[in-house]
Every structure is written in structure tokens, then in C-alpha cells.
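Protein chains in written order, with this note's numbering: chain A, 1 to 395; chain B, 1 to 395; chain C, 1 to 395; chain D, 1 to 395.
Mixed in with the good hints, there may be bad ones.
The list cannot tell twin chains apart, which means a pair is met if one copy fits it or any two copies do.
In silico BS3-like links for lysine-lysine, alpha-carbon gap of 30 Å or less [what the hints assert, rightly or not]:
hint	residue 1	residue 2
1	LYS257	LYS35
2	LYS128	LYS302
3	LYS131	LYS83
4	LYS213	LYS131
5	LYS46	LYS116
6	LYS344	LYS35
7	LYS46	LYS136
8	LYS302	LYS116
9	LYS54	LYS116
10	LYS374	LYS213
11	LYS344	LYS83
12	LYS374	LYS35
13	LYS35	LYS371
14	LYS374	LYS46
15	LYS116	LYS131
16	LYS344	LYS46
17	LYS371	LYS83
18	LYS83	LYS257
Simulated from the structure, these hints should not be mistaken for laboratory data.
Protein chains: 4
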Amino acid sequence: MSVRNGRQFLSIPGPTTVPDEVLAAMHRPAVDIRKGELVNVTARLKDDLRMISKSNGTPFIYIANGHGAWEAALSNVLSRNEKVLVLESGSFAAGWGQSGGTIGLDVEVLPGNWRKAVDPDAVEARLKADKSGDIKAVLVVQVDTASSVFNDIPAIRRAIDNAGHDALLMVDTIASLGTMDYRMDEWGVDVTVAACQKGLMMSPGVSFTIANKKAMARHQNANLRTAYWDWTSRQGAEHYQNYAGTPPVHMLFGLQKAFEIIREEGLNQIFTRHQLLAGATRAAVEKWSEQGEFAFNITEPKERANSVTTVLVSNEENLGPIHDYCSEKCGVVVGVGIAALSGKALRIAHMGHINAPMLLGTLSSIEMSLKALKIPHGTGGTQAAIEYLAANVPQ
Amino acid sequence: MSVRNGRQFLSIPGPTTVPDEVLAAMHRPAVDIRKGELVNVTARLKDDLRMISKSNGTPFIYIANGHGAWEAALSNVLSRNEKVLVLESGSFAAGWGQSGGTIGLDVEVLPGNWRKAVDPDAVEARLKADKSGDIKAVLVVQVDTASSVFNDIPAIRRAIDNAGHDALLMVDTIASLGTMDYRMDEWGVDVTVAACQKGLMMSPGVSFTIANKKAMARHQNANLRTAYWDWTSRQGAEHYQNYAGTPPVHMLFGLQKAFEIIREEGLNQIFTRHQLLAGATRAAVEKWSEQGEFAFNITEPKERANSVTTVLVSNEENLGPIHDYCSEKCGVVVGVGIAALSGKALRIAHMGHINAPMLLGTLSSIEMSLKALKIPHGTGGTQAAIEYLAANVPQ
Amino acid sequence: MSVRNGRQFLSIPGPTTVPDEVLAAMHRPAVDIRKGELVNVTARLKDDLRMISKSNGTPFIYIANGHGAWEAALSNVLSRNEKVLVLESGSFAAGWGQSGGTIGLDVEVLPGNWRKAVDPDAVEARLKADKSGDIKAVLVVQVDTASSVFNDIPAIRRAIDNAGHDALLMVDTIASLGTMDYRMDEWGVDVTVAACQKGLMMSPGVSFTIANKKAMARHQNANLRTAYWDWTSRQGAEHYQNYAGTPPVHMLFGLQKAFEIIREEGLNQIFTRHQLLAGATRAAVEKWSEQGEFAFNITEPKERANSVTTVLVSNEENLGPIHDYCSEKCGVVVGVGIAALSGKALRIAHMGHINAPMLLGTLSSIEMSLKALKIPHGTGGTQAAIEYLAANVPQ
Amino acid sequence: MSVRNGRQFLSIPGPTTVPDEVLAAMHRPAVDIRKGELVNVTARLKDDLRMISKSNGTPFIYIANGHGAWEAALSNVLSRNEKVLVLESGSFAAGWGQSGGTIGLDVEVLPGNWRKAVDPDAVEARLKADKSGDIKAVLVVQVDTASSVFNDIPAIRRAIDNAGHDALLMVDTIASLGTMDYRMDEWGVDVTVAACQKGLMMSPGVSFTIANKKAMARHQNANLRTAYWDWTSRQGAEHYQNYAGTPPVHMLFGLQKAFEIIREEGLNQIFTRHQLLAGATRAAVEKWSEQGEFAFNITEPKERANSVTTVLVSNEENLGPIHDYCSEKCGVVVGVGIAALSGKALRIAHMGHINAPMLLGTLSSIEMSLKALKIPHGTGGTQAAIEYLAANVPQ
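I would like the entire structure built from these sequences, with the hints used as guidance.
Have a look at this one:
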């Protein structure tokens, strides 16, 4: 017996809920890939990528997930044995660095803390120490979906500038683009990495790099370039060259619709919505945490991401039952802790195609599980979230 | 600015949310209508209708909404100027009666109360007074979606039997079938009327009558029969005769899938789910009503339907803002009062394809609106609903 | 072993192939039925119906197939025992008349010939003989899908006028609307009956009546009106009244898309396309008929419909194998003969969403079957169709 | 004016027509990627890949097009500066080789002829000459979609064996898998490359490598491995490792359905269907070629592929008008010549989800264009195709 049958709620930090309109846009006959409609789709998607990254750089669309885009970004601007500095603040910047290791880069990790954002001062100090300019690129994520931290990209840019260092600033926005402000040009980011399945609300399978002029210049001498990832060949005259082969027809139609939805809502409204829903989630978690069973992974409130909230659980044996109750009894799939937090945390996603009833339905179901399972918690988390939204959503 | 963008929540008492699988089942090429797959679909749908009505009667599938099925039911068993007794308990039995008036029936309404169920004793008394047997049929709804009352069909059957009266018992289950128990044969119902767009979770456009042997016998002499509605011609050998012409191909595929979903969940589980979600809704409304601004339309708790809850609002000018806030700010469409309650009530639907997060998301959004709009209410309605479910959903 | 796997070709004269865009338009979440988008859809559909019928009359949209619309049309303008004159030219006008008989009309059939169009002179003669004006309406189809005849509606109008008769002219355009010219107002048609599943390319389940002022005036006194079909109540202020209850939400979205496709192609282009494809079909059938095994059912070339071609087969035992071969070996469902031509003919549909390769693929498959089954035929039917199109499609 | 409106026919050699059921399978809500249904989908897809390649090897599923899979295959078994021998027979083997050049391989092309299959004797001679065993892998395509040649893989295997050479045999089956027989294990292929968008009938975006034990052994020492393509990390315990990150959820659901369709039809029936449709195409082209305007690119009949036919055109200025006529007037997109044949040929695809009416509709439309444009051709090509099928499709 359950109250689960109805639409399943997916509260995992990616892939996120795909809007019905996006799924519908993918449900159409195949088309010619050499001319006609699809060629225009590619052109528009590049505009969309510039719009959402606030950049006049050059976008590239990969048939690949984010890990593929990591490899694409690195191989296009670096050469064998060059050093990159990875700014740790959870799982994903480190993962990106490891990926670089496999293609022949020298990877140095600036140690961070899973519960904190990257410290710009530490970045500045390390770069100042690199007198010989061995470090060719600095790798950082804007949001880490494992820790749910949010890093201050402009501050990191200033750190690099303060150090007078020439390294490329490469930012992974996979878990943040389309959920919070990002200004590639204004902030001086050289290479942006993104993917479609989080804030962009698309089914996974397409990812992106965007390069500014400095990155395009470095590209000329990079010796790690390969046919599939290569920026230069992807700028060829034939439409298929954009994709180094057959384009992912239906994925492109879906992505185009996702961007239409984004343009219709408007970036500022989208960012506000994410901020409000994140605030509501934090109000609930704050309340639930009163009994000591739960805690925010990110200790500093202003470093918490607007796309996902990682919640540490004192009694690890409670995690399985919470997930099972939400899933089996309510039809809500709550994110699990991963990497260093595997088995130690749950993650509540609040990004992409999500509104108040979806979030509040999710929080309600989690709170149902806590009560039904008699797990200690401050009661009234959902109530606090409702009150937060009622007070903060502009009339 | 809003927190609306995400999947819209439809909390209206019909048409209800259509499951994605049902929509998908309608998305396929047209097929031959004379033989092959579609012929089997019709046969299976008849089995499904017998299953869900717990009947061995003869089902008929109409391309029509419920109002069409009303006309179908009456015209197949009655003759011009015959009398029917309508048991009022809200809007819909009366509407059915008026429909009968237009085709030439003599319609008598047994007056009821919009805030109460039909009184079986009054039925018995009226039938006992009909010494000459003028009343040929008794018309009643199991649930009235306007008042949100639930009528006790077995008790009404007993009232007819106690009066020793021969009238047909005709029951409209449009707003109840697939949400609560219904036993056509065991309860002695002669004609069942149903439609696809509420508990059956299908897009509107198909409705049903089911006739037992007594009804089929009366049918032989009914002079209101017409080519489109006629049960006899619909029993012809050719497949198209089931539909008095071209079958509604895609609607049938959708309906078939809806019944597959129903069979997979199981009737008992479905009824329990509805009972639990209705209980949660009542817990919230009970709480909100503490300040006197809100009240259940149906005063007697055990007469409240499991599919929809009608909530009276003291300050009628609050209704528009609540609906607008839920819709514009949250993406939740809450049902309005209709007929006698137009402009005086809101209706929260909890039927069909709905689970805990969908309901709790809806209640949360309503509560958000009350707080944001500063409408007096007992705070913690959603919290009460969460607690109700946590306590009552079987582990 | 077959060469069937691929998209099935449906060459039956209704329901016809539903465009992918129309199916896609039906694949979306349910919406509110009282206000918002759906209300606009209804208004636009009425405009669409006026556009396609070239009329300023009043359109009504029924949840019903064409047989339902027949009943709707008759019941709204006639009273019990009034006489209607049915102009026979195949199966469907007669069927419409029989439908009228069941609701209490006095039905007279002007005998016709299954292989010819209605003779306007015979109509004029019969109406002149009706000195007392007993005949209240004349019923005719523009195209009969059984015989594949096309009737000359303006000529029939002139016949009525020549007789100085006041009967309503009621035209069933179910198998012609959207495939050939139709001018309700210019031609003086009083009531048009139509349905969605042929030239309108929509999945079956919605049908239409359109009434001019004369018909609306007659409506005032018609005593066969019933709640479900009634034009007056369907003109009520509430949106649901358009449908006498719950609107068929997804059907309306599909129909709206079908009309968008129609408007985009343009009526004149659509009519030309149908004429060309009909011409190609006739070229093939003409060729195949050279051996005497096949013959056009409609003997007079200018009376042949542009939407379907009925082909008589001398050796009836060849029909089953042809249908089976096309279906089992090629994946093409060819229409069967119905009513008087059941077991005596095959029908090739060429209406709605159909282009050159679809038609030529169908003709090719039929010709494959003739050769494989060694059925006598003039060889080169498909070749003749190709040549016809190459010569006649404007450059 | 045209006879185009209807379903567009896509007759390009990839991406091919995606079956409606496959598109429908992709139209569903996102799901959890860490456990549940999707994990089983991955397991089943690996079985499907083994089934269709007739191999017990280890399959890997890439989010990438075929060019990505090329890079995956090479990087997993080779090391920097190792030599590969590319067997030219059109465009694609050479392209694969060039891809290898970008990642650091030493690429030698065994010159071939665009109008002929690879000559096994030449392969044997070259390998015998490689006394030092410098050649580490032999790269060949089973079908080249540019030239439409079909290479004899077992003969090439024998050539390698006859030379007593230890090079890996790596076969690109992108344009052949699922259209003709392929026996990875029996034929001694070490690495198979495949993609989803041709014979597998799926929308492009997923590709594959399958490795036998010898290949897996070589993999251990290959130093070109990278995180994204690496076979070893893709065999990790976590589900996401199969995809080196987020799996392409909806693509996998679509692919699963495509394989269900394949299994239902059965490989032998599929191969026969392709052979028959290829035969019909050749019959038409043979006829059209009688006037000298057209010619098969592949001169030797037994070397012509069953999936696509490349047709050389003497008068190159006729190509544009033919393509335009087919597209604008008929709604048929015919493939263009590419690479060396760009502007010199048209390509008729007959692979994947295609049946007799689709192919014959395409051929008919091409023949319409030849007649309408007065391009010299032997008349009756379509007729010849019809006769070929009627004579050769088994009863």
C-alpha cells in the first residue's frame, strides 16, 4: 500500500526533469542533416549558448556527456605534460583533473575542503609561487553537485589577476548554467564547460565548450587535439563538421526547445526562481536539523548552491530507509550522497524544470518519511519552506 | 516573478491529470478499423469496464462526454413521457434529469440538500407513495463533483427494495469509478453511467453505459432509442457498430493503457490511495478552517467523497486571488465552485493519477497563497496533511 | 519473408493517416477547461470550420463520429414525423436517412444508382411534385466513400430552386471537406455535416454541423432537439456548453494542429494535390482494367471523387489475396468494398495527409500483388501514374 | 503547386527513418540513473549488441557518433606512433585513418578504388611485406556509404591469416550492421565499430565498439587511452561508469526499442528484406541507366551494398534539379554524393526501417523527376523494381 501512483518526482541533481515540451520536440521524424532546418538549429543553438553564458566566445556542441566535454576542453588548449591547477571544492573539479591526467597532463590539486568553497587567497598564493609559469590552466567548477558548494568565479579571476598569472581560467558550469548568474566575458573566463541535463533541462547526451579569444589562440599550439574533439575541424564549412560527423538530430531539436523555454521565462526570472526554491529548501533543512540528525554539508550559508542542497545525516543507517520510503511510498526519488559523501548524505535537487509544488511536494514527502520512520527531526520543515516562499515570492 | 515554471499541477475535478503513458499510447499511427488490433482493443475494453464496475452486464462505449452517456442511458431504457425520479445531492443528478426532460421524459426531482448525501428514507417514502408505479427509473450519482458528496448506493438500493418498487436504479459513477468501491451487480444497479476523464485518467471524449439484464429487457420496449445511442445496433457483428460508425481510434488506445495502469496498481490499492489522499486533504482543510474563513461543504464527514473536496469560503472576494496566486505564482490550477457554489467555493481534486507529492505540493501552494494574501486560516494545514499520511500510510 | 517492415501505409478511406504533427499536438498535459488556452482553441476551431466550408454560418463541434453529427443535424432542425428526402448515390446518404428514421422522421429515398451521381433533374421533379411542401429537408453527400461518387451540390441547389421548394439543403461533407472545393454559402447549403478523420487528417472522434440562418430559424421550432445535440444550449456563455459538458481536450489540440497544417498548405493547393493524386490513381486503374478484371465503380469519369476510388473486381475470390498480399508482404492496408460492394470491390484512398510517394508506393504495392498473384491486369499501372504526375504537376 | 504534403520520405543513407515506436520510446519522463530500470537497459543493450554482431566479445556504448567510436576503438588498442593499415574502398576507411593520425598513429593507406571493393590479395601482399610486424591494426569498413561498396570481411581475414600477420582486424560496420550478415567471432574480427543511426534505426548520438579477447589484451598496453573512451574504466562497478559519466537516458530507451523491433522481425528476415529492396533498387537503376545518363558507381554487381546504392550521373547539372524536384514536388529527400563523388552522384538509401511502398514511392518520385525534367533515362525503372519484387519476394 502506498500513495505513490501518479507522476514520479525526480529530485536528483541531474539528469533533471525534462519538460514535456522538450520531450515532445524530440518526437518527430528524422530530417536531412546536410541542409534545411537542422542547419538553422545549429546556428540558433550557438546563439543560445552565447546568451546563457553571457559570452561572445565560440561555442562547440558535443555529442558527449560532461565528462566528454571535460576532455574536449583540455585537449583543445593544452599540450602533453603541461601543468593544470585543479581547485578542489568537492568531487567534480578533481574528476576533471583526473581526466586530464589520462590524456597526458601534469595535474596539481590545490587542496580544498568538501564543506567549503574554493579560497581565492590560496589560489593567488599558489599562482604567485609559480614564477616560471608552469601552470597553464586553472580548473574550477562553479557549483559542485556532490558537495553543493558554490564557488565565486569573479573572485578566483581576481586571484589570478592579482598573481599576474597567465593561466587560462577554465570553468565547469555543468551544475550551474541556467540556474544562477554566469558571465563568461565580464568575469574573464577563458573556457566554459557545460552540459545539457541540469539547468538546461534536456535529456543527457549533449555537452558544450565555449572558448574566448585567448583560448582560441592557445588552441593553435595545443598538441592534444584529436579529430573528434578538435575545435578547428568543428569550424569547417559543412554542417556535419560542427559535430565531427553525424549530428544528434533529435537531441538538437530537444535542446532547441529547452532554450526556447529558457528565453521565454527569462534568465533573471529563472535565477530568482532557483534562489527562492533553494531558500525554501534551506528553510526546511534548517528546521529538520534542529534535532542534530541532519546538517548542511556546506557550513557557510552564502556558499550554498542554488541548484542542489547536500544534507549530512548523522545516523547513516537512516539514509536507506528515507530513500526507500520516499521512493516506494511517495514516488519521489531523492538524490544520494556520492564520492566522499557516499552513504553519508542525501541531496535535494532544486534545479531546472521545477516549481513550488514540485519542490514542496518533495520536501513534504521527505518529512513524511522522517515522521513515519521516527527519525529525529525538527518538525515543520515543509511548513517553514511554505512560509519562506509566501514571504519572499514577489507579489 | 514567480516560482511557477515547472510542470503545471492540475487539481481540478476532471479532466484529471492524464498519465504520460496514456498520452504516449495515443501517439501512434492510425490503424485499420475493420479488423486487426483495434477489434481486440474493443473486446478488452469491455472486459475492463466489467472489471472496474464489478459487473457481468453489457458495456457500451460512446464517443461522447458524460452528458452524452446520460442521454444514451435514458434513451435506451425509457419511453416518451415516462417518469424518472432524480435524487438531488448537488448539481449532477439534476443535470441528468434535465437532460431527460429534453428527450421527452417526465422528470421529478426528490429535493435534496447541497451539503448532504441523498437520504435513503426519503427515497423509500417517495417510492412507497408511487402506488401506480409511474416512476420507471431512479437517477442518482455516486459522487457529485460540485458538492463533493458521496452517496450510499447500497442504501438507496435497499430503499427501493423496501418500497417494493420496480424502478430501474441508474447510477452515474462519472466522478467515482476508479476512485472508490463500486459493485454494480452486488448492489443491484441496473444501469451504470461512466466517463473516462476522472478516475479512469483518460483524456475526455469517451463515456460508457453498462446495462444489466433487467435494463436490457426494458430496452426492448424503449421508444426513445436513436441510431447513435442504441444498444441493440451497437451489438451488431461489425466492429464499427460498437461505435455506431467510425471508432475513436486513438482514444481507444489511450483508454486501453489507462486500464492497464489500473490493473497493475489494483483496485484495492487505488481505493486506499484515494482514501489516504482524501484524508490528508481533509486534515489540511480542517486546520485551515479554524479561523472560520473556510468550511467543508459536506457537513457530515462520512459523506465526503474520496475524489474531490469542496471548500466553502466566507469571504467570496478571496477566491479569485487564491486561484490567481496558485496559478500565477505556483503553477497550480485549483478547481472553482460551480453551479450553486459558483463564486462561493474552491474545489481540491484528489482523484486519478495523483500521489503524495502531487497532493502535498498542491496543498502547500494553497497554503502559500493564504499566507501571502494574508487570508485568515489555521496555519499548518499542509503539516497536518503530512502527519496524517505519515501516520496512516501502511508501512 | 516479406518486405513489409517499415511504416505501415494506410490507404483506407477514413480514418486517414494522421500527420505526425497532429499526433504530437495531442501529446501534452491536460489543461483547465473553464478558462485559458482551451477557450481560445474553441474559438479558433470555429473560425477554421467557417474557413474550410466557406461559410459565415454557425459551427458546432461534437464529441461524436459522423453518425453522431447526422443525428445532431437532423434533430436540430426537424420535428417528429416530418419528411426528409434522401438522395441516394451509394451508401451514406441512405444511412443518414435511416438514422433520421430512428428519431421519428418520415424518410423518403429518391432512388439512385450506386455507379452514378445524384441526378439533379430527378431531384427537381420530385420536389415539384411535393405541392404541399411535406418535404422539409433534402439530404445528400458530396462524396460517398462507398461508391466513390462525387455529387454536384450547386446543381442540386439549382434543382431545389427550380422547383421553388423551401426544403433545407443538408449536405454531408464527411468524405470531401478538405479534399475538394465546397462553398456552403455561395452554393446555398443550409446545414453542413462534417467529421475530422478524413480530409481534416485528425484521429476520429470529433464531428461538426454548420448551420446558416435559415437552418437556425428552423431550429427554433424543431421538436427533436435533445440536450446533448442542441444548438441553442451549445451557444451558452460557458465554455463547456460548446460541448454540452466536458470538452475533448486532446482531440481539440490535435484538430487545431490539423487546421494549422491546412492553412499553411492552402485550400487551393490542397485541392490541386488531391486532384493530381486522384488523376494518378485513375491512370493506374485505367491501365490495370485493360484485361477486364478491374473496372471503375463510377462509370462517368467526371463523377469520380478526388478522395477515394472504388474499383470493382470481376473475380471476387481475388480480393482477399490482394488485400492480404498488400498487407502481409508490403505493409499496405488497402480499403475494402463496403455495403452493397462488400466483397466485390477494393477502395484506394487518396485523401488527407498523402503525397506522391505515399500514393505511388501504394499503387506499386497493389501492382506487385497483381503480378505475384498472377491476376490478369494491364501491366504498367504505376508507370502510368508516374507519367500522369510528371506531366501534370505544375513546374 | 506540388504533391508533397504528406509524410516526408527520407532516402538518405543515414540517419535513416526512425520508427514511430522508437521515437515514442524516447518520449517519457527522465529516470534515476544510479539504479532501477536504466541499469537493466544497459545490460540488455549489451546483449543486443552481442546478438547483432554475433559475438561474445565485450561491447561498449558511447555517447558519440561514429567518428567518436572510431577514436574510441583506436585509442583503446594502440599506442602513440604505432602503424595502422587502412584499406581504402571509398570515403570512410580513409576518414577513420585520418582520425587515427590526429591521435598520434602512423597511418598507411592501402590504395583502393572508389568503384571497387577492397582486394584481399593486395592486403595479403602488403602484410606479407611487413616482416617486422610494424602494422598493428588493419582498418576496413564492411560497407562504405559514399561509394556503396560492400567489402568481403571473411576474405580479408583470410588474407591476414595467409600473411601470418598478427595485426588486429578492426571493422567499421556503421553502414552495414543490421542490414546484412556480420559474424564478428566466426570471421575473426577483433574490434567492431558500429553506430545507431543506420541499420539500427535509432536517432544518431550513440555508437559502439565491441572487443574480442585479443583486442582486450592489446588494450592493456595501449597508451592512447583517455578517460572518456577508456574500456577499462567503462567496466567499473557503478552504472554511470559504463558511460564515463551521465548516461544518455532517452537515447538508451530509444535504442532498446529499436532492438526489440529487430529481434521481433529477426535477423534473417531483415537481411532478406534488405537484399530484396536493394535488388529492386538495382533493377530500377539498371533500367534508368539504359540511356547512358546514369551508372552504378560500383561496377561489379556482387560488390554492391544492400543498404545504399550510389548512382553516377553523367550530366552533373542534372543533379540539383533531380534533388529539388524530389524534395519540393514529392516530399522525398534523396541522398547526395559526398567526398570524391560530391556533385557527381546521387545516393538511394534502402536501409533500416523501410518497406516496399517506401522504396517504391521513392523510386517512383525519382522517375517522376526524370520525366518531368526531361532527363534521358530508360523508362520503366519503377516498373522493373515492382516486377523484381513480385518475382522475388517469397510467397
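Going through the hints against the structure:
no.	hint	result
1	LYS257 <-> LYS35	both (20 Å within a copy, 26 Å between copies)
2	LYS128 <-> LYS302	within (27 Å within a copy, 69 Å between copies)
3	LYS131 <-> LYS83	within (13 Å within a copy, 41 Å between copies)
4	LYS213 <-> LYS131	within (24 Å within a copy, 49 Å between copies)
5	LYS46 <-> LYS116	neither (34 Å within a copy, 41 Å between copies)
6	LYS344 <-> LYS35	between (51 Å within a copy, 18 Å between copies)
7	LYS46 <-> LYS136	within (27 Å within a copy, 40 Å between copies)
8	LYS302 <-> LYS116	within (10 Å within a copy, 55 Å between copies)
9	LYS54 <-> LYS116	within (27 Å within a copy, 52 Å between copies)
10	LYS374 <-> LYS213	neither (57 Å within a copy, 53 Å between copies)
11	LYS344 <-> LYS83	neither (33 Å within a copy, 49 Å between copies)
12	LYS374 <-> LYS35	between (61 Å within a copy, 26 Å between copies)
13	LYS35 <-> LYS371	between (58 Å within a copy, 25 Å between copies)
14	LYS374 <-> LYS46	neither (51 Å within a copy, 43 Å between copies)
15	LYS116 <-> LYS131	within (28 Å within a copy, 60 Å between copies)
16	LYS344 <-> LYS46	neither (40 Å within a copy, 32 Å between copies)
17	LYS371 <-> LYS83	neither (51 Å within a copy, 56 Å between copies)
18	LYS83 <-> LYS257	neither (39 Å within a copy, 45 Å between copies)
Checked against the numbered hints given earlier, this structure breaks hints 5, 10, 11, 14, 16, 17, 18; the rest are met.
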